[in-house]
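Residue numbers (this note's numbering), protein chains in the order written: chain R, 1 to 110; chain E, 111 to 253.
Rather than coming from a laboratory, the hints here were simulated on the basis of the structure. The C-beta atom is built at its ideal place from N, Cα and C for all residues, glycine as well. Warning: the hint list may mix true and false statements.
Over the 10 Å line for every Cβ pair with chain E, so calculated as not near, a few chain R residues [claimed, not checked]:
{"no.": "1", "residue": "Q15"}
{"no.": "2", "residue": "D21"}
{"no.": "3", "residue": "A22"}
{"no.": "4", "residue": "T31"}
{"no.": "5", "residue": "V35"}
{"no.": "6", "residue": "A55"}
{"no.": "7", "residue": "L61"}
{"no.": "8", "residue": "A70"}
{"no.": "9", "residue": "K71"}
{"no.": "10", "residue": "Q72"}
{"no.": "11", "residue": "A82"}
{"no.": "12", "residue": "V86"}
{"no.": "13", "residue": "A107"}
{"no.": "14", "residue": "S108"}
{"no.": "15", "residue": "A109"}
Distance ranges between label pairs, derived from CB positions [stated by the list, open to error]:
{"no.": "16", "chain 1": "R", "residue 1": "K84", "chain 2": "E", "residue 2": "K225", "range": "30 to 38 Å"}
{"no.": "17", "chain 1": "E", "residue 1": "G142", "chain 2": "R", "residue 2": "Q10", "range": "44 to 52 Å"}
{"no.": "18", "chain 1": "R", "residue 1": "S93", "chain 2": "E", "residue 2": "R235", "range": "29 to 37 Å"}
{"no.": "19", "chain 1": "E", "residue 1": "H241", "chain 2": "R", "residue 2": "R38", "range": "48 to 56 Å"}
{"no.": "20", "chain 1": "R", "residue 1": "E5", "chain 2": "E", "residue 2": "A236", "range": "23 to 31 Å"}
{"no.": "21", "chain 1": "R", "residue 1": "K84", "chain 2": "E", "residue 2": "D208", "range": "14 to 22 Å"}
{"no.": "22", "chain 1": "E", "residue 1": "T245", "chain 2": "R", "residue 2": "R38", "range": "44 to 52 Å"}
{"no.": "23", "chain 1": "R", "residue 1": "S93", "chain 2": "E", "residue 2": "D114", "range": "31 to 39 Å"}
{"no.": "24", "chain 1": "R", "residue 1": "T47", "chain 2": "E", "residue 2": "T245", "range": "27 to 35 Å"}
{"no.": "25", "chain 1": "E", "residue 1": "V136", "chain 2": "R", "residue 2": "T4", "range": "40 to 48 Å"}
{"no.": "26", "chain 1": "E", "residue 1": "D114", "chain 2": "R", "residue 2": "S108", "range": "43 to 51 Å"}
{"no.": "27", "chain 1": "R", "residue 1": "A26", "chain 2": "E", "residue 2": "A202", "range": "23 to 31 Å"}
{"no.": "28", "chain 1": "R", "residue 1": "T31", "chain 2": "E", "residue 2": "A176", "range": "29 to 37 Å"}
{"no.": "29", "chain 1": "E", "residue 1": "K225", "chain 2": "R", "residue 2": "L6", "range": "15 to 23 Å"}
Think about it this way: if two alpha-carbon atoms lie no more than 30 Å apart in a straight line, the pair counts; the simulated BS3-like pairs of lysine-lysine are [what the hints assert, rightly or not]:
{"no.": "30", "chain 1": "R", "residue 1": "K73", "chain 2": "R", "residue 2": "K84"}
{"no.": "31", "chain 1": "E", "residue 1": "K246", "chain 2": "R", "residue 2": "K84"}
{"no.": "32", "chain 1": "R", "residue 1": "K84", "chain 2": "E", "residue 2": "K225"}
{"no.": "33", "chain 1": "R", "residue 1": "K9", "chain 2": "R", "residue 2": "K84"}
{"no.": "34", "chain 1": "R", "residue 1": "K9", "chain 2": "R", "residue 2": "K65"}
{"no.": "35", "chain 1": "E", "residue 1": "K225", "chain 2": "R", "residue 2": "K62"}
{"no.": "36", "chain 1": "R", "residue 1": "K73", "chain 2": "R", "residue 2": "K62"}
{"no.": "37", "chain 1": "E", "residue 1": "K225", "chain 2": "R", "residue 2": "K65"}
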Amino acid sequence: MDITELQEKQATILQLSGRLDANTAATTDTTIAAVIGRSPVVILDLTALDYVSSAGLRVLLKAAKQAQTAKQKLLLAGLQPAVKQVFEISGFSTLFPIFASRGDALASAS
Amino acid sequence: MGDDRLLLRIANDVAELSRVAETVDVYCDETGIPTDVAFKINVVLEELLMNTISYGFTDGKPHEIAVTIDRHDETVTIEIDDDGVAFDPLQAPPPDLDAPIEERQIGGLGIHFVKTMMDTVEYRRADGRNHMTLTKRIVPDAD
């Protein structure tokens, strides 16, 4: 898992690249939690995320709960078809605003 | 195409999951298993092996879990065999997929993935061992 952080106006974008699984969940969790703590809008760009399991969904659910409590926006963008299917099977599609691209997510946040 | 079999013997250690994923990806690529099916095999193996590694062994000793994958013409068969405590994942209660964020939980999702992503799932307890048999149809260019 590689995570790249970018800033676009008030939004912080985290590009997740690789696998979000039992082995990468802890470090991903730490990174996302820190960003949600200091940015009003966080966009997770999942264009390069190849894989997610329930251990990975745990990280995203925790982030959603954290963002809701802090009244901050957490947006997802660019889900690959297989990742999107995991979201649908798990009922996660309704937990997040999901956009086709990072640009769409940014446009909705501004 | 003739039968091709992958046999993996792994330790009851979460760190083994990376090796499993890499080996399964190579196997699926070499045997022409479509990437969407390979993705599902990886998810299902991670969920079941995580369960077994996390909760299956209570004696603190090293154990071996055997995973086999057989690519047939139209299906893939996955078998997982371990000597952990008896646990039938098919008896786990289903997760609530509609709960609001604050009440949403992860528990049960892994088994839900197994049931949803595979075509058949069987659990058998025999001779002090857990044995799971999963099958998945290979349908190229679908999903």
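- Message: Tell me if the straight-line CA distance from R/K73 to R/K84 falls inside 30 Å.
- Response: holds (20 Å)
- Beta-carbon spacing of E/K225 to R/L6 - inside the hinted bounds 15 to 23 Å or not: At roughly 38 Å between Cβ atoms, R/L6 and E/K225 fall outside 15 to 23 Å, so the hint is violated.
- Query: Cβ-Cβ distance between E/T245 and R/R38: within 44 to 52 Å?
  - Reply: Once the Cβ atoms are compared, 48 Å apart, the range 44 to 52 Å for R/R38 and E/T245 holds.
- Against chain E, does R/V86 keep a CB gap of more than 10 Å to every residue? Non-interface label on R/V86 violated, nearest chain E Cβ at 7 Å vs cutoff 10 Å.
- Query: Non-interface claim for R/S108: all C-beta distances to chain E beyond 10 Å?
  - Reply: Answer for R/S108: holds, closest chain E Cβ roughly 19 Å.
- Grab the minimum beta-carbon distance between R/K71 and chain E and tell me whether it stays above 10 Å. holds (13 Å)
- Item | Beyond 10 Å from every chain E Cβ - status for R/A55 | With a cut-off of 10 Å, R/A55 comes too close to chain E, as the shortest Cβ separation is near 7 Å.
- Query: Keeping to a limit of 30 Å between CA atoms, is the pair of R/K84 and E/K225 held or broken?
  - Reply: Distance of about 18 Å is within 30 Å: holds.
- Task: Mind verifying the non-interface call on R/V35? Its CB should be farther than 10 Å from each CB in chain E.
- Result: Per Cβ check, R/V35 is outside 10 Å of chain E; nearest 18 Å; holds.
- Do the beta carbons of E/H241 and R/R38 sit within 48 to 56 Å of each other? holds (49 Å)
- Item | Whether R/A109 stays farther than 10 Å from all C-beta atoms of chain E, as the label says | holds (19 Å)
- Query: Quick one, are E/K225 and R/K62 close enough, alpha carbons at most 30 Å?
  - Reply: Between E/K225 and R/K62 the Cα gap is close to 24 Å, so the pair holds against 30 Å.
Taken one by one, the earlier hints fail for this structure at numbers 2, 3, 6, 7, 11, 12, 16, 20, 25, 29, listed in ascending order.
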